[in-house]
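Enquirer: Chains as they are written, first to last, in the working numbering: chain P, 1 to 214; chain Z, 1 to 214; chain H, 1 to 214; chain F, 1 to 214.
Bear in mind the hints are in silico, worked out from the structure with no lab data behind them.
Any given hint could be a false lead.
Copies of the same chain are indistinguishable here, so a pair counts whether it falls within one copy or spans any two.
Unchecked claim - Once the Cα atoms are required to be at most 20 Å apart in a straight line, the calculated EDC-like pairs of lysine to aspartate or glutamate come out as:
#1 Lys-199 with Glu-60
#2 Lys-91 with Glu-117
#3 Lys-199 with Asp-13
#4 Lys-199 with Glu-178
#5 Lys-199 with Asp-75
#6 Lys-199 with Glu-16
#7 Lys-199 with Glu-71
Number of protein chains: 4
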Amino acid sequence: MFVLVNLKAYPCDPIEVAEAAATVSDESGVDVGVAPQAADLSAVAETGVETWAQHVSPVEHGSHTGSTLAEAVADAGATGTMINHSENRLKLADIDGSLDAAARPGLETVVCANNPEQIAAAAALGPDAVAVEPPELIGGDVSVATADPEIVEDAVDAAAAVDESVDVYCGAGISTGEDVVAADELGADGVLLASGVAKADDPQAALEDLVEPL
Amino acid sequence: MFVLVNLKAYPCDPIEVAEAAATVSDESGVDVGVAPQAADLSAVAETGVETWAQHVSPVEHGSHTGSTLAEAVADAGATGTMINHSENRLKLADIDGSLDAAARPGLETVVCANNPEQIAAAAALGPDAVAVEPPELIGGDVSVATADPEIVEDAVDAAAAVDESVDVYCGAGISTGEDVVAADELGADGVLLASGVAKADDPQAALEDLVEPL
Amino acid sequence: MFVLVNLKAYPCDPIEVAEAAATVSDESGVDVGVAPQAADLSAVAETGVETWAQHVSPVEHGSHTGSTLAEAVADAGATGTMINHSENRLKLADIDGSLDAAARPGLETVVCANNPEQIAAAAALGPDAVAVEPPELIGGDVSVATADPEIVEDAVDAAAAVDESVDVYCGAGISTGEDVVAADELGADGVLLASGVAKADDPQAALEDLVEPL
Amino acid sequence: MFVLVNLKAYPCDPIEVAEAAATVSDESGVDVGVAPQAADLSAVAETGVETWAQHVSPVEHGSHTGSTLAEAVADAGATGTMINHSENRLKLADIDGSLDAAARPGLETVVCANNPEQIAAAAALGPDAVAVEPPELIGGDVSVATADPEIVEDAVDAAAAVDESVDVYCGAGISTGEDVVAADELGADGVLLASGVAKADDPQAALEDLVEPL
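For reference, chain P alone in the conformation it holds in the complex:
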């Protein structure tokens, strides 16, 4: 299982979370990544944690003021990127373009989507992984694996029907080790989470609880 902690634009200390994630990953052997604001990528990467961008733009080098260039996030230390998060939905053609952009510097990719049909569509574009996150559960207290286990199973089936090599993650409401185990049992290869760690009083303890049952 891969655990990706999305810091969004939360008022957390990205270095504190990154150091906690690096420590927990080392101690548990579970792969834990952290996705901070672009401006925080280099500082987060310096902690040694696996560092992800929250987004890369569907552009090449050139006249693209305000874009997030894949090469720039890679130079800052990112090794992967989220694409099409529900808070940053992209045009279909731009998801395709952002995947091309991420491939140039060798960033790993996870394309987010709302439901199994969109997961199949995302998988058809050839990312490393897709992530199903029902928008109505994001930020809530109930894990997708508990509230809507079928959507996770259907997403796993939908992605496999298109391309068996694409991993499937799930997200929305995940905050405990039981949630992660449930996601694992439903066939997910990883989980996306955010507030459960980023807003925790003790991010390291929150992460230890998360990976403990694995």
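Since the structure of chain P is already known, use the hints to place chains Z, H and F on it.
Expert: Just chains Z, H and F now, kept in the frame of chain P:
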């Protein structure tokens, strides 16, 4: 073969094109549709031609000022709609939403895309048809079926791998009967065209040339 | 006072509302316009009511599939258009472009905005009118003129400071004649309203109540 | 005169340009800023150069994956931000929102726009500065101050008519000291430039040429 004439925002007379399309369709037995501006849908539908919208919004009845409501275009006489044309690219989630919207009043749907990967993605969302239109050939003098026959064949294969029930159209640069025959031979179920008819001095003659070899 | 009834994508009968608006306008002498879906413009215009588009695209004749061409809405009978409604926010450069587009066929224009600063910005672009509609009050039961009279007065002042020839409308929550009188007394030249008429059991009675005190 | 070097998504070394800008600024006394990719902000700021963001999102702390949070760019060392560059056009309401966001951590702001009408609109929103950049001249070989001096003078007048405290910059095609002097004489308080420095073989020499006549 289905022939869909997209009037875009061209300075043509939509009624003249619609009447020409209705006449040619009746005489040839070839299915010819016309997609005008939303404001022209009812006048075009009154000619008896098969009438398509250029777009419907991913919304239900409600507070959506400036949207193009699927029910409104159906009430005006449209029986189908284009979605995600390269001049009106949508977010992945909104293509899904526009397909849901079109299904409510029973509109036929064709989702446009740039390349075979995006065609597979579009097919995964369950439209009636997908249409591959390489952006660099749109509006040009060379037909996609001549300039890039492989992209049409690859699109046909990509859609079939995801869902065999989804028709595949192609577009970009199509203006002659030979172009339509070439598209047919590459496996396409229809063609999208625009300037070749909409900007012709004699739209009826242009359409007659198009369907003559079929 | 100008009264503009925005039908949004509501499940109302646009012809019923248009006929009611035409009747009330004739009987009362108050200028009442109706803004339906683009696909309904010609049917609404045929009732004789003053007909407005909900939006026009910042484009000229050309390759703009899915756009709302100013000439097309004018040909369908519209004599004015809303621009930048809070449910259809545009880029600053596109508000400017939509105003240029509306000017070609001589459409009247009202640019909507959230607050007095944005009203001043909108007025600087040279529309016929601006309309202040606080997003948090749109669709609610309390009129902007009651809930936030200062925002209307400030909008009137802000527009006048930039260009005294620009009319100022207000909207959000307006449903009674008292609301219209209050708007008038705060310096507004017109009101935008929607659900209060479009969702009324008897649109004509609702409009008669609205204009009665004028 | 303020000289702001926008690195866009160019394949330049941001540190080399930043060090050159810091050196030239120190030696000449001319205020020179550098606007790199968000991921490069902290490394650029460490050179001691005045550091600007290319964009900030119209959001507060919260669930905004993929946004560019004003506080994050300020923490990384930025002291100012561009908003609404022609390659990153924003909705009017979002320019207003980005200005509010930039104000929280005290970032200086410059809002870009295409023409004098939009400059007046931008000035009405209360930024520290506005910048007129005719899109057709951006990236070209001819300076706006030479190709279209009237647009600069008109922008200066338009901003002053709305708010005299707002500075006016100009950009597009500026690459020599003569261009900067011409801008100064037309009433501009600063210049935006990009490829002339970012793509120069020797950025420091390019900057020295630029500020030499001042």
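Enquirer: Can you list which hints this structure breaks, lowest number first?
Expert: Every hint satisfied by this model.
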